[in-house]
Structure formats: structure tokens, C-alpha cells
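K.L.:
With the hints as your guide, set chain B with the ligand onto chain A.
Order-wise, the sequence lines are chains A and B.
The opening residue of the first sequence carries number 1 in the numbering used here; numbering runs sequentially from there.
The opening residue of the second sequence carries number 1 in the numbering used here; numbering runs sequentially from there.
A hint or two may mislead.
To be verified - Which residues of chain A face chain B? A few of them, derived with a C-beta cut under 8 Å, are:
#  : residue
1  : 92
2  : 93
3  : 97
4  : 257
5  : 368
6  : 371
7  : 383
8  : 410
9  : 468
10 : 470
11 : 514
These are calculated hints, taken from the structure and not from any lab test.
On a predicted model such as this, the values are computed, not experimentally measured, just so you know.
Note that CB positions come from ideal geometry on N, CA and C, so glycine has one too.
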Amino acid sequence: MKILTKWLRAYVPGVPVDDAQLAEDLTLRGIAVEGIYDLGNGNGSLFEMDITTNRVDAMNHYGVAREAAAIYGLALAGLDFALPKAREGAASYPVRIEAEDACGRFTARVLRGVTMGESRDWFAGAEVATYFGLLEQKQISNAVDATNFAWIAMGQPTHVFDLDKIEGGIVVRRARKGERLKTLDGVERVLDAEDLVVADHAKALGLAGVMGGWDTMITPATKNVLVEAAWFDPIAVRRTARRHGLHTDASHRFERGADFNAAPVASGLVSAILLESGGWLEGELVDVRVAAIEVRTAKRKPVELKLSEVHRILGATVDAEGITAATVEGVLTALGCELATCCGAALDGASWQVTLPSWRLDLEREIDLIEEVARVYGYNRFANTLPEFGEGVRALPWAEKEAAVRRTLLGAGFHEAIASTFCSATEAALTAPQPGLSVPLGNPLSEEAGVLRPSLVPGMLAMIAGNLNRDVSDVRLFEVGTVFSGNTEKVEERPSLAFGAVGSLPEQGALQAARAIEFHDVKGVVEQVLERFQSRAVDFDRFPAEAGLTPEWLHPYRAARVVVDGATAGWFGELHPREAAARKLKEAVLVGELYLDRLYRLPLRQPIAKEISRFQPVRRDFSLVLDESIAWEKIDRAVAGLQIPELVEWRAREVFRDRKLGVGEYSLLLGVTFQAADRTLREEELQSFQARVVEAVGKVGARLRS
Amino acid sequence: MNEEIPNLTAFDEAALDEAFARLERQARAAAAALDNDAAVEAFRLEWLGRKQGRLNEVSGRWLKAAPAEAKKLLGVRFNALKAVVEGLLDAALGAGQDGSWGGAALAAEAIDITLPGTRRLAGAEHPITRTLNEITRVFAALGYSVGVGPEVETDFYNFESMNFPPGHPARDTQDTLVVAGQERRPQRDRLLMRTHTSPVQMRTMEQQPPPVRIVIPGKVHRNDAADATHSPIFHQVEGLCVDTNITFSDLKGTLDHAMKALFGSAVKTRFFPSFFPFTEPSADVQISCIFCGGKGCRKCKQSGWIELLGCGMVDPAVFAFAAEKQPGYDPKKISGFAFGMGVERIAMMKYGVSEIGSFYAGDMRFLSQFA
Ligand SMILES: [Zn+2]
Numbered sequence: 001m002k003i004l005t006k007w008l009r010a011y012v013p014g015v016p017v018d019d020a021q022l023a024e025d026l027t028l029r030g031i032a033v034e035g036i037y038d039l040g041n042g043n044g045s046l047f048e049m050d051i052t053t054n055r056v057d058a059m060n061h062y063g064v065a066r067e068a069a070a071i072y073g074l075a076l077a078g079l080d081f082a083l084p085k086a087r088e089g090a091a092s093y094p095v096r097i098e099a100e101d102a103c104g105r106f107t108a109r110v111l112r113g114v115t116m117g118e119s120r121d122w123f124a125g126a127e128v129a130t131y132f133g134l135l136e137q138k139q140i141s142n143a144v145d146a147t148n149f150a151w152i153a154m155g156q157p158t159h160v161f162d163l164d165k166i167e168g169g170i171v172v173r174r175a176r177k178g179e180r181l182k183t184l185d186g187v188e189r190v191l192d193a194e195d196l197v198v199a200d201h202a203k204a205l206g207l208a209g210v211m212g213g214w215d216t217m218i219t220p221a222t223k224n225v226l227v228e229a230a231w232f233d234p235i236a237v238r239r240t241a242r243r244h245g246l247h248t249d250a251s252h253r254f255e256r257g258a259d260f261n262a263a264p265v266a267s268g269l270v271s272a273i274l275l276e277s278g279g280w281l282e283g284e285l286v287d288v289r290v291a292a293i294e295v296r297t298a299k300r301k302p303v304e305l306k307l308s309e310v311h312r313i314l315g316a317t318v319d320a321e322g323i324t325a326a327t328v329e330g331v332l333t334a335l336g337c338e339l340a341t342c343c344g345a346a347l348d349g350a351s352w353q354v355t356l357p358s359w360r361l362d363l364e365r366e367i368d369l370i371e372e373v374a375r376v377y378g379y380n381r382f383a384n385t386l387p388e389f390g391e392g393v394r395a396l397p398w399a400e401k402e403a404a405v406r407r408t409l410l411g412a413g414f415h416e417a418i419a420s421t422f423c424s425a426t427e428a429a430l431t432a433p434q435p436g437l438s439v440p441l442g443n444p445l446s447e448e449a450g451v452l453r454p455s456l457v458p459g460m461l462a463m464i465a466g467n468l469n470r471d472v473s474d475v476r477l478f479e480v481g482t483v484f485s486g487n488t489e490k491v492e493e494r495p496s497l498a499f500g501a502v503g504s505l506p507e508q509g510a511l512q513a514a515r516a517i518e519f520h521d522v523k524g525v526v527e528q529v530l531e532r533f534q535s536r537a538v539d540f541d542r543f544p545a546e547a548g549l550t551p552e553w554l555h556p557y558r559a560a561r562v563v564v565d566g567a568t569a570g571w572f573g574e575l576h577p578r579e580a581a582a583r584k585l586k587e588a589v590l591v592g593e594l595y596l597d598r599l600y601r602l603p604l605r606q607p608i609a610k611e612i613s614r615f616q617p618v619r620r621d622f623s624l625v626l627d628e629s630i631a632w633e634k635i636d637r638a639v640a641g642l643q644i645p646e647l648v649e650w651r652a653r654e655v656f657r658d659r660k661l662g663v664g665e666y667s668l669l670l671g672v673t674f675q676a677a678d679r680t681l682r683e684e685e686l687q688s689f690q691a692r693v694v695e696a697v698g699k700v701g702a703r704l705r706s
Numbered sequence: 001m002n003e004e005i006p007n008l009t010a011f012d013e014a015a016l017d018e019a020f021a022r023l024e025r026q027a028r029a030a031a032a033a034l035d036n037d038a039a040v041e042a043f044r045l046e047w048l049g050r051k052q053g054r055l056n057e058v059s060g061r062w063l064k065a066a067p068a069e070a071k072k073l074l075g076v077r078f079n080a081l082k083a084v085v086e087g088l089l090d091a092a093l094g095a096g097q098d099g100s101w102g103g104a105a106l107a108a109e110a111i112d113i114t115l116p117g118t119r120r121l122a123g124a125e126h127p128i129t130r131t132l133n134e135i136t137r138v139f140a141a142l143g144y145s146v147g148v149g150p151e152v153e154t155d156f157y158n159f160e161s162m163n164f165p166p167g168h169p170a171r172d173t174q175d176t177l178v179v180a181g182q183e184r185r186p187q188r189d190r191l192l193m194r195t196h197t198s199p200v201q202m203r204t205m206e207q208q209p210p211p212v213r214i215v216i217p218g219k220v221h222r223n224d225a226a227d228a229t230h231s232p233i234f235h236q237v238e239g240l241c242v243d244t245n246i247t248f249s250d251l252k253g254t255l256d257h258a259m260k261a262l263f264g265s266a267v268k269t270r271f272f273p274s275f276f277p278f279t280e281p282s283a284d285v286q287i288s289c290i291f292c293g294g295k296g297c298r299k300c301k302q303s304g305w306i307e308l309l310g311c312g313m314v315d316p317a318v319f320a321f322a323a324e325k326q327p328g329y330d331p332k333k334i335s336g337f338a339f340g341m342g343v344e345r346i347a348m349m350k351y352g353v354s355e356i357g358s359f360y361a362g363d364m365r366f367l368s369q370f371a
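Bound-form chain A, shown alone (with noise of 0.2 Å):
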């Protein structure tokens, strides 16, 4: 929206500052100018005005003129002028409101003998031509250019009719389903039942509050007109706006609440306007009005005020003397409001009851009238204060843990991401620890989004594949973040966590051979995890391909199921070669998710220090052979199970394959360490120790290496 200050000035004689400055003080105040633009001659300037929807009063120049008349404390120039009397008419011109739920008033004016042509200067000082000049608001006939400067005044809509093409007389009524009506935009539309219409007594005339009718158009042939200026209901008007795709200047105002009190004044503009170009005015102004809107808009019940709750809610302010009851009285009564001092002198200080301007519906409640208080007071005239401190903080459940899972993977380096929220049906439906429990959304951006993820995996694996598109070959990816599962009547979120690595180890480095990361590297960084938390027994488990039990996702013989205190924490390995391959992934990528929220029900573990041996540890290697079937697990339970206390360490150190074993062999070199509390071991306990371990992963199936 465009101000002219110089139009704006003319409103409020006075005004004691420049431009710039008017600029900024309505800006402090929330009617805010987005640019100054200097017209030069003496033209002032051309502010670019940018006022939020609940300020539609304000999106005009006598609205603005108002703000600023309340910010320097100056009187505001009325906008009513004389009309010349009226000729007596036959009858007063019939309106009738039908629907008196979405018209609230209907002011109709009839004019004879007017000309229609171009539009002349109609009071000295009033410029229309030099304004709309200004504006670059383009003059099109007097009719035209009165109801837009009433407009661009007042930010009241009206309308003129050709008054020879009306048929009885004005009803203002819901359309008849099927109705037809030409619109002014040239467009022949079929009305709906809902439509409010401006009508005849035979036809629809224009869409109220929206567009007027063809039919009944001002052209230049036009000798009577009748002036509307009307109130519609915000929403009756949205509703039919919107059927018909239609947005206009009237449209926009009604929609958003036009003041009540503004028919008949804009009605006497437009009039004047148009009376300069000759013809008269017959019979006085018909005046239709529903008692029921009235009340909700004019004559609204007054509000109460109190000082206290103004100070209450605002607090102190910069300035020694603070807001007084002369300032709230200054400023309500400089933006409309009629205050009655109330209640005698109450307690705590002074009281008012307010009755609210008809063109701020925005105003009903004192909350209201503070805001207003403090707005035209200035924000920045408060004080900066602090409230006196609460009660302690309290930390989230979970925060300590999250922070630690994140540390983990940081430690393990492994950058932090955040990806989408959303995936593929396809994606979820590969991913989804629970298959079926997804989420779709009614109106996703695309199809790739359009259900609420089940796992972090499908964004993991997009960000995997987006960094090796853009070359970069070494990657290590976390996200912490929400997983949906349910359904569309009830959504469940729940804590996880994805990594994803690709690429060679070490990262960098000119002195060491890098090789490729692979299953074991990330095990660690999720034991690691899983370290951070007091369980009681944290499994790896796989199955057989053929129990398909195993996510589609990830590779079958390389993968693993976490398994903390017996329920699945989660799963990682390597990327099924299927899915890498539908991805053009050449390398292999490593990507797991842990489940958080079952992470997050056991405590952190918290560090216990223990006692040192001072003594000797012992260590030993014992070089195995076994069948291929027997995995690691096999040999570590079979030594944890042995229970001596003096067997304090022992580790696989190293798989090997050579010719020498037999088919399907593999060699493993347990390294051992026996150590005692309190005292060093004698060569007959190592003895029999060593006899133990070597008898007990016999019996799962290894023998020494000879």
C-alpha cells in the first residue's frame, strides 16, 4: 500500500517532524513504511507502507493520518463535508438487506442528471488529479476515480450503479443456486447458493463486497446513478470471493472487517465527486442497517480499563514518570475511543470504561486497549528489566543421554546431519522397523516426500549418495532425530539414530595405507555407543538369510541385529548390494539405526573405579583352528563361562586363512591375560588355567594349531 505524505499531512496539520522521521515514528509504532521515496516540488514523499492483516483501518491515508495525529498528540481533520441539499424524490429508493447475517448495512444515494467524463478538482486543495498523479494512479472517469479515491482515502469500498438498468429497487440476498450474472471483469459466472449478491427485484447485480455486474455498469450514456456503500460480513464475503478465484480491493477490505460507521461518509465523497460534474442529489440518504451486526460493530459494549493492569502487564518504563491516567486517556482518545471515567476513583488508581472506535474491530477486550497503550506510547520507552529468578531448572529425561550419544559418535568422527523428514512410500516401506505403520501426508511437497519417516536410514542413505555424486569419497554421518510409526489417527514418534560411513581408513594421511572401512569399524563405534548405557547384556545377533528376518535393507551376511538386555536396540551392516546398486552405489556403504527410545530407558553407566592389581599380568596366545561355522561368539563364551577370576582379559588378536589348514578352516589367535589381585601366579596355576581355556574351546570345537 502507497501513502502520500502530503495527502497524509493534509489530515493532520502540524505534524511537527520531516518524512524520514515520520517514517520511522510510525514504523516504532507498527504501521510500518517499508521505503521512502521523495517526490520532489514540494511533493513530499511516497511511503511503501507494510501493515499486518489485523490493521486494516490503517491501510489508508486517513487511518495512517489517524496513527499519527495519536503519536504527536494532534488534532485529525474530519473527513464529512457538504453535500448541496437534496431534491425531494418521488419515494426514499427501496433496499431491503435479505440476508441480515452477512449485511450488516446498506446505504444507497441516488444522483440525476450527473455526466459521466473525466474527472475535475471538486474542492480547493483537495488535488485529486495531482494525488492519483502521484500515485500513478491512473484517472479513468469521474465515476471510477470517486469510489477509488474513496478508497484510497478512507479504505471504504463503494459502488456506483447505473441506476436506469435496476429493476424495483436493491435487495441485498443469497444468491439462487444456478443464478447467472455477468461480473465487471467481463466474466459470466454461475452462482452458487451460498453467494451474497447485490441484486434487483429481477436479477443478481454484482457479487457484494466482491465485484459489481456488467450489466449495470457506469458508460458514458449514464444520467442516474446510485451510490452503494455498504458493510458485509468478513466472512460471507471471503467464502464467495474465493469460489470465484476472485480478490479485489473490496474483497480484501470486507474480508478483514470494514468499518461500519464508513458508508455514509464515503457514500457523501463519492457523491460530492461526482456532483462536480453536474446533476443533483434526490432524496436524502437511504440508510438500511441490522441491529444485530450493529451491535458487534458501532455499538459494541464499552470495556473496562484499570491503570493497574496497565502497569501490571507493561511494567516500568524508561522515563520517571511512567504512563499515567493522562496518557492512556491521550492516546485511546487520539485513536478513536470515548473513555468514561469509572467506578469512582478505584483503589488502585484510575479506571475508565471504554467504548471502542467502529473501525477497530481488532479492539475488544482490555488486553487490547494496553497493547494500544503501550504502542503508541513506544516499545522502546519501556525499561529493560528482569524477572526475579524462578525455581531451578529442570533437564529433560533424556538430555544427558542424547548429548552422550552424540559425544560417541563426534569422539568417533563422524559428522552430525539433519535430514528430511519425509520419504518415499517405497522408502518407508523398505525401512519401517514396524512394515505397514506408516504415515502418508495429505499435501506432500513431492512423492519422495510423501510419508513421515519410519527410520533415519532413507535420509542417511540419501546424504551417503549425495556426498559420493559430488566426489567425496570418505563418509561419516550421524543423525539424532524423530521416527514416525502409526497411523493417521494416532502418530507415534520415537528417539533414533542413523549412521552411515563409506570410504577407506584413515582419512587422511601420506604414511599409512588406507584401507576400506568396513562391518567391524562401525560395530565399534555402536558398541561404543551402547557402552554409554547401564545394560545388562548387549548381543549381536544374524540369522540365515532364508529366515528373512534381517532388513531388506541390509546385506544378509553382513549384517547384525543389536540386542540390549534381550529386546532389538537396532540394526547396521553393509547396504544390501541390491539397494547400493538402485542407488549407482559402486563402494560398499556401512549404515545402521539404533533405537533410542530403548536406549534411553536404561541409565548412563556411570564410571566405578577399580582397584589396580599391582602384579605381574601374564599373557598367552594360543593359536586355534576351526571350522568355519564356529564364529568368535562361540570362543568368547566358552572362555567367559570358565568364570576365573584370575583370567582378567582375553581377545581375538588375529584371523588368518592359509593352505595349510584344511577346508573350511580358519586359524584364530586367542591372546589371553591371567592376572591376580593380590598375588603374582605361579607356573602351576598358569598351567592349569591354560588347560582350562584349551579344553574349553575344544569343546566348541577348536583345536590347537600343532
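P.N.:
Chain B with the ligand alone, transformed into the frame defined by chain A:
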């Protein structure tokens, strides 16, 4: 084999220095090449042998020929050379065995320390997480607890209880991503992707009577096509403070303090009237441009100010919704303020990111910069 020990003709200091330096170079070169025990023994004999040793020869030829006044200068240099040669031999015989470290054996272990260090990837915290954490830390120091809520919300929490009127444009599917199949459900039960973190205000108040001081970081969604500054996914931090006697000036002071804590103590704030359904009075907050200090630059469009957050006093209508479950939220007795800020915008500003999409692409090159 080294050249024969020459005869010296001049015995001034410079001539002596040059002669001895030459011998030391020869000794070091010979020692560096020693790779077996036989060679070490040969080296010992060549340099330190009692009869034909080179040092013996030096002392025989040079010391004898030296004029009296040069004998002392020559002696000092001779002893120094002898010590070097003995050291070289010791090193060659096995470093450290007799407690003397250094020399050829360690020299043989020389590495190229100018090659760049081998780096393991250091994981980088996501800039959004980092910014979220910075913001929540600032408010935690002011006594705010952290709260969270679901990303899929009901119309009630996202809109109705936040005082959005029934026909508000934000409720349109053009602005809001909705879960499929909601058409038949009552309006307030309909599921949608939350468009702001404000619903957590209501969820918190329903759970907890006043006082409340909470800061809510979270992911939100809008039905927005992606461009340089828009993304259907973004993050907000919301704050809520409710107690008796919470005022607009408290809101101003809190945010002024927070902005100074986040952007430096020189930052100024200013407040503009604005409009949000769930606050009244409502304000937009600008901070003085952190790039130009307020003088005006390209980043602040020459205005010297950057708009950063929205805030206001909690609307009594919002309290009325909360009071349905927690009667303590009587707007006549308590008051409060709420504020919200876009995390991406702040992160883009703080870290000089120009494309909002960079945050969601998982590009290693982008993320590494935050390690
Ligand atoms: Zn700047």
C-alpha cells in the same frame, strides 16, 4: 676410503677450523654409512687405530709441524674432533648401551616431519544443533528449563489453543503440511506437522502450574517450496515465562540480555509492534547489525538493524486454554511472555551460510567446517 691426511701449511684459526671441519664431515659421512659390525670395526681402526689411525696421524703430522703459538689452538680442536669420532663409534656400536644417546643410529631413524599430520576425522556438531545449544544455554543461565513436544501436532495445540481464529490463513493446507485422512475428524483433533514450537507452550502449561520458565528447541515444518532462505523444514527456539508480575519490560530486558549473550555485549535491541495470535502486546525484535555495528551494510540492507525474533505478552485467551487443565493460569493473577526465533536464520548469520538447504544436505564438505 678417505683421502690421506694432508700436511698443514697455515696454522691460523681459520685454517685450522677449515681443516678440522673437513675431517669431521668425513667422519660423519663414514659413520652414517656403517651398516654392519665389520664396517664399524673398520671405522674404529681407520679413525682411532693406535698405529695407522687418522687421528693418530693428525696428531703426528699437524701437532709436530705447528709453531709453538698454534699448538694450543690445534690441541683444543683435536680433542673436540676426537670426542665426535668416539661418539660416532659409540652410536654405531649400539645406541644407548652405555648411556650415550644420539648419533648415527638415531639419525638413521629420521622422518620427514614436514609431511602433514595424519588426521582422523573429527566429528562436527551440526551448526543447527550448535546454535540451538548456544541459545538454550543462554536461557538456562536465566533459569529456563528445556522442554520439547511432538513434531506431529493436533490442530488444537498448534492453532486453536494458540488463539488462531478458525479461518486463519496459517491453517490452510497451502501453509501447513497435514497428515493424510484428517478430513472427517473434528477440527481440533486433526493431525498436522507443527508449524511452530509454540504448541509446546500449551503442553507445558497443561502439565505444570505456574511459575513456568521454559525454552523449547525443535524442528518445525511448513508447506514451503525450498529456495535460498526457505525450507519446508526448519528449527525454532521458543521461550515461555509465566509468573505473577511478569511484565513487558521483563520481556524486553530478558531478550536484550539474551541477544547480548548470543551476539556480544555491544549489540543493541529495539522492539516494534507486531501481531501474533498468541501474544498481546506483540513485538518484533531487531538487533543492531552484527556485521557493521549499525552503520549500515549489505547484510542489513543498509538499515543497521537485523530482525531476529518475535515475542509478546501471553494473550489472556491462551491462558484461558491452559486454565482448563491448570486453574493456576488465571490471566487476572498471573502474566507471562513468550518469544520465538528461527534457528536457521541465526545460524546463517553467525556462520555466514548463504543457502538454507546446506543444513539438510549432509554434505561432508559443508559439515567439516564446523568441526
Ligand atoms: Zn549491517
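K.L.:
When the structure is checked against the list of hints, which entries are broken? Sort them ascending.
P.N.:
Hints 1, 2, 3, 4, 9 and 11 are the ones this structure does not satisfy, whereas the remaining hints hold.
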